[in-house]
Each structure stands twice: as C-alpha cells, then as structure tokens.
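*Asks:* Chain by chain, the residues:
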Amino acid sequence: MENRKLRKADFYTSIILFALGLFMLVQTFSIPMTDSYAGVTNAWYISPALFPLFICPAIMLLAVLIFLRAVKEEGFANLIHLKTRKSQEEVNQYIRGFAVGFMIISHVYVFLPRTDFLLSTCFNLMIMMSAFYLEQMSLLIKISVYYLLASLLVIVFALMKASIPMVTNEDFVFLMDIYLLISITAFLLFCSRLVTTNLQLKRKLKQVIILSITLPVILCPIIKYFFLIPLPVEGIILEKMDNIRYCQQDESWIECLNY
Amino acid sequence: MRSRIILALIVLVLSVSPVLGAKRYPVRDITNVVVWGAGGGTDTCNRVVSAEMAKILGVNINVINKPGGASGSIGMNYVYNQRSDGYTLVGLSESVVTASVQGGWNQRMSVWDAMIIGGSPDILSVTPSSPYKSIEDLLEAAKKNPGSIKAGAGGAGSIHHLNLLALEKGSGAKFNFIPYKGSAPSQTAAMSGEISVVVTSVAEQQQLIRGGKLRPLAMLTPDAFTLADVGSIPSAFDSYPTLSEHLPISQAIGMAIKADAPASVKQKVQDAFKKALETPAVKEWAQKNYYKISGKTGAAANKEFANLESNFGWTLWELKAAKVNPADLGIPQI
Amino acid sequence: MLVLNEFFSFFGYVYQLITFQNMLILFGSSLLGIIFGAMPGLTATLGVALLTTLTFGLETGTAMIALLGMYVGAVYGGSYPSILINIPGTAAAAATAMEGYPLALKGQAGRALGITTTSSTIGTLIGMMFLVALAPLITQLALEFTSIEFFLLALFGILISGTLTSKDLVFKGWITGLIGLLLSTVGRESLQSYPRFTVGLNDLEGGIEVVPVLIGAFGIPQIITVLKEKTILGDAKKVQRILPDFRVVFRNFKHIVRSALIGVGIGSVPGIGEDIAGWVSYGTAKNSSDNPDNFGKGEISGLISSETANNACIGGALIPLLTLGIPGSPPAAMLLGALMIHNVNPGPMINFDKPGFITQMTAILFLASIAMWFNGIFLARQVVKLLKIPMELFMPVIVILCVIGSYALGFRVFNLYLMVPIGIIAYFMKEMEYPISPLVIGVILGPMADENLRRFLMVTKGDFTPMFTRPVSLILLTIVTYTILIQIPVLKRMKDKYVSPWIKQVFSKVFVLFTGKSKIEKGVENGHA
Chain A
0 MENRKLRKAD FYTSIILFAL GLFMLVQTFS IPMTDSYAGV TNAWYISPAL
50 FPLFICPAIM LLAVLIFLRA VKEEGFANLI HLKTRKSQEE VNQYIRGFAV
100 GFMIISHVYV FLPRTDFLLS TCFNLMIMMS AFYLEQMSLL IKISVYYLLA
150 SLLVIVFALM KASIPMVTNE DFVFLMDIYL LISITAFLLF CSRLVTTNLQ
200 LKRKLKQVII LSITLPVILC PIIKYFFLIP LPVEGIILEK MDNIRYCQQD
250 ESWIECLNY
Chain B
0 MRSRIILALI VLVLSVSPVL GAKRYPVRDI TNVVVWGAGG GTDTCNRVVS
50 AEMAKILGVN INVINKPGGA SGSIGMNYVY NQRSDGYTLV GLSESVVTAS
100 VQGGWNQRMS VWDAMIIGGS PDILSVTPSS PYKSIEDLLE AAKKNPGSIK
150 AGAGGAGSIH HLNLLALEKG SGAKFNFIPY KGSAPSQTAA MSGEISVVVT
200 SVAEQQQLIR GGKLRPLAML TPDAFTLADV GSIPSAFDSY PTLSEHLPIS
250 QAIGMAIKAD APASVKQKVQ DAFKKALETP AVKEWAQKNY YKISGKTGAA
300 ANKEFANLES NFGWTLWELK AAKVNPADLG IPQI
Chain C
0 MLVLNEFFSF FGYVYQLITF QNMLILFGSS LLGIIFGAMP GLTATLGVAL
50 LTTLTFGLET GTAMIALLGM YVGAVYGGSY PSILINIPGT AAAAATAMEG
100 YPLALKGQAG RALGITTTSS TIGTLIGMMF LVALAPLITQ LALEFTSIEF
150 FLLALFGILI SGTLTSKDLV FKGWITGLIG LLLSTVGRES LQSYPRFTVG
200 LNDLEGGIEV VPVLIGAFGI PQIITVLKEK TILGDAKKVQ RILPDFRVVF
250 RNFKHIVRSA LIGVGIGSVP GIGEDIAGWV SYGTAKNSSD NPDNFGKGEI
300 SGLISSETAN NACIGGALIP LLTLGIPGSP PAAMLLGALM IHNVNPGPMI
350 NFDKPGFITQ MTAILFLASI AMWFNGIFLA RQVVKLLKIP MELFMPVIVI
400 LCVIGSYALG FRVFNLYLMV PIGIIAYFMK EMEYPISPLV IGVILGPMAD
450 ENLRRFLMVT KGDFTPMFTR PVSLILLTIV TYTILIQIPV LKRMKDKYVS
500 PWIKQVFSKV FVLFTGKSKI EKGVENGHA
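Residue numbers (numbering that gives the first Met the number 0), protein chains in the order written: chain A, 0 to 258; chain B, 0 to 333; chain C, 0 to 528.
Derived BS3-like pairs: lysine-lysine, alpha-carbon spacing no greater than 25 Å straight-line:
| id | chain 1 | residue 1 | chain 2 | residue 2 |
| --- | --- | --- | --- | --- |
| 1 | C | 296 | C | 387 |
| 2 | C | 229 | A | 205 |
| 3 | B | 295 | B | 54 |
| 4 | C | 229 | A | 201 |
On the chain C side, residues computed to face chain B include the following (Cβ under 8 Å):
| id | residue |
| --- | --- |
| 5 | 52 |
| 6 | 347 |
| 7 | 410 |
In short, the hints are calculated from the structure, not lab data.
Idealized CB from N, CA, C, for every residue including glycine.
So here's chain A without its partners, still in its complex pose:
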C-alpha cells in the first residue's frame, strides 16, 4: 500500500489495537493476585496476571505511537475524509479476495464439520477451482452465489435438526451427505450449462472436474490408512472405503459391500 493509504489505515487500526489492549487489560484485573491455588501460594510475582499486565499497556502505548505518527504525517483533516476512487481492476480484486475468504470460511465452518470429509473436500475444490480457473468475473460471481445458497441450506437444516431431538448426529451426517451429493450433481449441471458456448472454458471445466474428484480420492486413503490420521467426519463415502479395506477378512465381496 502506498504511504498515504497506509497512514490512513494506521489511523484506524491503531484505534482498534488500543481498544483491544484496553479490553484485555480490564479482563486481566479479574485474575486473582492473592490467595492460594493448587497448593501454590499466590503473590504478585507468581500471579498469572503478571504477563498480561505488562503486555496490554505496552500494546496500548505502541498503538498510541502509531496513531500519532499517522496524524503527524498526514494531518488530521485528511484522514477523516474517507472516499477514494477505485479502478475497475481494483474492484475486481476486492471481489476475488472476498470470494476466496468466503469460500474458505464456508468450507471450514459449514461443510467440514457436518459432512463426509471426502465429499466436502470435493465440493470445495470444485467450487474454488472453477471459480478462479475459468477466469471470468461473471462466472466467479455466479459460482460464489451458488456456494452461498448451498451453505445457507445446510445452516437451515442444522437449525431444523437442533429443534428435533430425535435426529442423531450420525443420521444427520447421512442426510447431509445425500444433500451434498445432490448439490454437487446440480452444480455440475449448472456449470456445464454456463460454458456450453466457449470451447476453451469447456476444456478447463473438464480439467477442474477430473482434478477435484481424483485428488480427494487419492488423498483421503493415504491420510487415513498410511498416516493413520482419522478424518474429522466420516460419512458414507469414507465408511465405504473402510469396508473395502477390510473386505479381505470377510467371506463374500457382495455381502461386504452391503455392509
């Protein structure tokens, strides 16, 4: 960021940082300085509050210094004046940045804890790759909106589940997996309709689909069986994988797959 904008940003962030320091300092006062804990007699120098008591005022002091420098260099009047003109490219960048942030947030908070890991990873890869690789702003916006709607539906379902106590966690995951499979299919149809016109985009979309399906399918077994890391949510696809893995111990394959 060039200097002027930087100072303006400093102006506001230093205020936020000061507030943060102050808030934490107030919290620190509730930490006991006397009395005995866990068989250890307390004193000012042993108290857990010691460290935060040094850090918070230091943060406040530094925030003030940054604030003062911003004011000194740019002048108070200039800083309050907020508007600046932005070029089209800058706006595009903002939108892209927003989209990435939103996709990551949605994946981690909405899909990952509630659906099969392989499916949610697949979906996320599909969305992110197609949104950015196809390099059309209009497509990016449409795809992001699709992801937004899909996540909102999941949130609605989760709220519904909370009000019906009979639905257990496993059942919910199962239902969400079905929902996700449907969403992925719908997305693929949606996307292929959007790019029927352009041959190059069609090719790129095919690459995206292949990658976003094969990568999780290769990655998940390696993590589960080789690195021995149990995945966060094991829904229908991953349980199928478990069954296939242990099929050697059972008599007939068909019976196995129906487990």
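Guided by the hints, dock chains B and C onto chain A, whose structure is given.
*Replies:* Chains B and C alone, transformed into the frame defined by chain A:
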C-alpha cells in the same frame, strides 16, 4: 457429458446405505487415544501393550496422542463423543480423575471401564550436592524451617504432587512446592539445584539415580526397593509410620473403553488386554523399566479409579485447586 | 585421545550400517520425511510419531534409521513450500520463506532449493560432530540452565523477532509480537492451572496451538493474495542449475559456522527446538550483516543461516536426549518415546546399559544427512516443475492441505475454527504492512517466558538478584541488553563506527593465524592467477 454425470451419480446413490453395527469385532483398526504427551509414561506403556493386543486381536491399534485441557480432558472428551462400538479406546492414567473437578469434563469416571496396566512406585530424591543424607535429615530440617526447602513433584495436581502433600500431612514437614510442566523438567531442576527435593516415580528417576545425578532418600511405599548398581532404598514408612494413613497413592496407568459398549466387545478387549500383559515382550519391558504390573480389569479396576477420583478430587478441593465442588458431581468422600 | 577413539568407532559403525535393507529404509524414510515436512502443518514430530508406530516390530537399529531419516528429512522438507509458495511447511522453515520466496519470484527457485539442501546437510553434519565429540561437555552446560536462563533465552528470541522488521516498521513489529504473546496467554497456565481468557470454552483450555497459528498467519494471507492478484512465480524457463555453486558455500562459510553453532546451542537446551533456531539464526545474520537492506529481497546468507541452524539443531537436540533422557526439542520428545518402546533408556547410564549406542546414533545421523542431500537434489529438480501448474488450480489444493495440516496434530476441528479468523486478520495485517513473523514467535515463546519468569520468582520469593549472580544468566542478560540497546539509533551508529570494524580486525587476525596467509596475499594471488 451431462447425462453421463447423472448416471454415475444415480449409481453411487443407489449403492449407498447406512452402515450397520459390525457383527464381528474387530473388523477394522482400533484407535487408542492417549491423553498425555508423547514419550511419557502413559504413552509408552500404552504403546507397548497396544502393540501386543493388536497381534492378539488381528487388527492394527493406532496409538495417537491428544494431550491438553484439564488433566487430559481434551482426549477424554474426544473419545467420549465417539460411538460406543469399541473402536476407540482411551489411554489414561490416575491423574485424569481430576479433570472433572477442574472443570474440563462433566462426567464421572464411571463412564469408563478401566484396564490397569500398572505403575511405578514413587520415590523421593535430593540433589547430590545438598546436605541431606537420609529422609530423617530432610524432614527434620523441613520441620525446623517450614517452607524453606524447595521441592518439585511434576505438575500441580499430579499424582507426584499428591504424594508430596501426603508426605507433608503425615510427617508435619512443610516444603516450598515449585510446579513444573511434568516429571522430567522437575527432575532436571533437581539435578541443576534449582530445587533440592524431587518426588516422581522410580521408572522416571532410575537412570538419573544410577548415574549419580540424584541421591535417593526413601520410597513413598511400604516396601523398600532394590535398584541395580545402587542397592536398597528404604521406605519412608520405617521412620515415619504415620505416613501409612495417607500413603501410598499408587500410579494407575492403563486404558479404558466406554462402559456402554456392547458386553461382548468389552469382553474381547479385556481378554486381549490380559493376554497382552502375559506376553514376554511386555513382562520384560516392565521389568527393565521398573513398572509393577497390575492387570486389574472390570469391577476391581473401576473401584480403584473411583477411589482415586474421590481421593484426588477432594484433596484438590481442599487445596483450592479445583474449580468444581466434588459434591456437585456426586463424588463421595472416602 | 578419547575424542579420536570416538571417531574411529564412529567410522566402524558407519561401515557396519551400510546394508541393502538399511539403505532402502533410510532413503525411503528420508524421502517420506521430506514429503511430510513439505506439507504445511505436518510437522517432524507427527512424522516421527507415525513412524514409531510403523516401525514397532523392527529391530532397534533399523527403527532408529527410519526415525532419524524421517526427522532429518522433515526438518529440511519444510523449506520446499517456504520457497515455492511462501507458506512454511514447518515452523522451523518459517525464516527460510523470508529469503526463499523472493528468490522464487525472481525465477531462482531451483537455485534456492539447491542451496537449502546443501546448507541443511552441512548443518546436520556439524550438529552430528558436536554430538560425537562434545556431548558430555554440552550436557554439563545444559544442566546450568534453570528457570531464569530459560526466561532470558525466550526473551532473547522475542527481541530478535522485533529486529526482523525494517526501520519504518519497528513499532508495528513489536505490536505484532506483543499480540502473539497475548495470544499465548490464552488457556490454562501451567503453574496454577488457572484458566486465562478462556471465555468458558473448553476447547480453549489447552491454549492456542502453534501449528494453526502458523498456517493461519502464513498460509491464508498467501492464498488470498495469490488468488486475488493473480501472482505468477518467476518464470523458470532457463534450465536451472540445482547443484549449488560451491564458491557460494565457501563465501558464506562464516554464516554457516555461526548458524550451526546457534542451532546446536538452541537444540541442546531442553524444550526449545528447530523453530526457534531458524529464526534466531536468521535474525542474527541480519543484524550482523553488511547489507541488511537486502534482506527480504533474496539474500543468500539469510537463506543459508536459517536452514543450517534448523538442521544443526537436530544434532543438538539429540545431546540432552541421549545423555540425560531429556529431549532437546519436540520431535526429540517423540523419539524418546520410540526409544523407550525399543527398550533403550537414554540417560546417564546409557553407556553402561548399551555401550556404543550414542556412537551408533551419530553414525545413523551422518548417513541420514547424506541420504537427505541426495533425495533433496533429486526432488528439487522435480518439484521445480510444479511451478508450471496454474496457481488457480494449485491454491485450492493448498487450502485443503492447510486444513489437513491444522487438523492433524491434535485431530481437533477447533484448530480449524481458530486458523481461519487468525488467517483473515493476518491477511489484513499483511496488507497494512504489519510483519507476521513476530506474532508466531510470540505464540511459540510466550509460554516459556511467562512460566519461567514466574517460577524463578517463586524460587527466589520475589528476589531478582540471582539473575545477576549466576554466570550463564549474566551472559544471557548481557546479550539481551546488547540486543535492546543497538536498536537505539544513537548507539547503533556508535556500534557501526567503532565496534564492528574492531571485530572485523580481530577476526581477520585470527584467520591469518590459522591459515598462514593474509587476505591481502590471497587477493594478490587471485589477481595474478
């Protein structure tokens, strides 16, 4: 292309069905979640025994570490939230019984069916350069100047800390307790002289004692202990018989399975556990590392843990180290 | 004499170990280690833990080959994503990103990888030499460290991070460092188990772990920036020379030696490990460099300093591990568990219980570093080709790897919930030119500083005098004071004017004594040749 996608997905959806409970146990890998860090006593004991159990049961047992929280509450919460199908075990030790009164975990220990591997008796040692040559020297000096002698015993609220407190209660001596992040750092501090006294288990101290870095004074159990190259270490009970009212508090390292798992599954796990403890690999390992094998399972093990829960919980509450009143959790005072 | 004996038996062991099966396992685990370290969030500790389980049934010597191969590989492997995508693969390689990534942007990724490979190998070898020759001496020194020394060491590490920022941003660097320290206080503190700032969330009781912070702070801003601005890595069109120019190595000889010493020193102090070694070495290199302004733009000496130190730390960490049974770093702690499972009890009696074990371990370490070098050079050539993949396809995969990495160390989804907000905040901070690295260092070193200061005061009952009377403490205090004072511009100018030329004179005189040639003579020779 569109139609092919739809077809593929219909096939996939049709082949999907909810997984039913396994008819045979075990049909896939078991996970043993150890609630303490890697390399510690609980971790190594669990790894050795799990390896033998894996051979007996015919599947892998993956031992993973999930330390943290209040006395292992993170690990215990994780296992508690898994299905009670016997595929997730928890590797724990006696110290986890304090998780509930420290506010990290809101169940009683009775939700677990415990299997105790064993433990190592606690021993009191001093820095070689200190003037105390016997337990009497140390305790008399501590009584004369209460709070002047610095002592370490692992972390605050750990079993070694409780052993130290019991020693103080039973003998009337008072130390200046300095908490560390575990047994190993407190032993290091004793070697370097930052503290003069350290109480941890024989398994943890034996190398250092044999190497001359620590001087052993007494065992905190009724029997004396013989250590190779060092000789016999007397029991503190010989000079201070009143200690028998408060000690010994023995270690109980082991693993547990959720109590509401199917009875047949629990039986299989317990049988594998008992067989594993009989194998030469485990026996040799225990002997070399100075662990006393207990092997208790079922009701006997659960009773031991219930006693530990009560003892530890109420002691911590009296020390004002507990966040939650044990009475609120329904823990009886023994 | 004893030292020479050690060297002879050492070569004997090396010779014994070279069997086909052992070499296969060695190269395999080394390769696996590099891949492990290269995935952001998967740490050396996790890798050693994984192999401990896998090698349970193997014989002790073979298991150790696998474990040490993995350890060395993983510490080195972290440099790959640091250089290629500015996301450190392990905390130890975070400093490598500062110089490695600018080099990659200039199209010199292959060269950077070659340099890190070689310097990592040299670092590991020097660490190993210390293990062979000086272990008992260093053990004695390590025992001199009590709480106050640990506190001063942590303070030193934190101050170094403050100096990693350029002059315009000093305040900003310190503020991020302080925020990092504040973050580290969240959770149940270790002395009294009192929960600080946990806002009733059970998940926060264990505090905020380093790995999600690391990935969040470095990874997410990078992902957002690249996808937002469509950055392309420098064109690697010319066939890159991966094997480093050996003249580069010689020119940076003093950096290598100094970094290795820092690495071994930090490794042998129980508790802190490779993460800090890398940063401290980098910071020291920057502070004592002739052209500090080139740092951050692709300065080779910075790259070498960071990588040599974090690998030398391995040898250092093994010293207290084997001689006292106290691990010198987190992966060494995992190694301790593995050793105990194989019935090897490290500690003062190890030379009685298992004579020659330490020498055997150093032999394995030697072979592991050679294996790492070969694997590294081979892999670097392939990995550079990865740069041709379009960023828009690569970055979403990195997102998934970051998710797995954050989740893997504790199997906690909560880590992911932490990683994302930290990442988003870090992104904005980066945009506003607040340096991120002090924050991560604050989170790593905060608990150590806090705990040890208070424990020291507990032991002395509030009295500060032992800080000035204990010898090691006094040395550390001097270093800390020096680091603080030279930040003040007036004093810095004085140092540049008087102290640095004096130090240079002393060093060149020592150099002359050793090599019998003066620089002037050498210069004349080169001129004529």
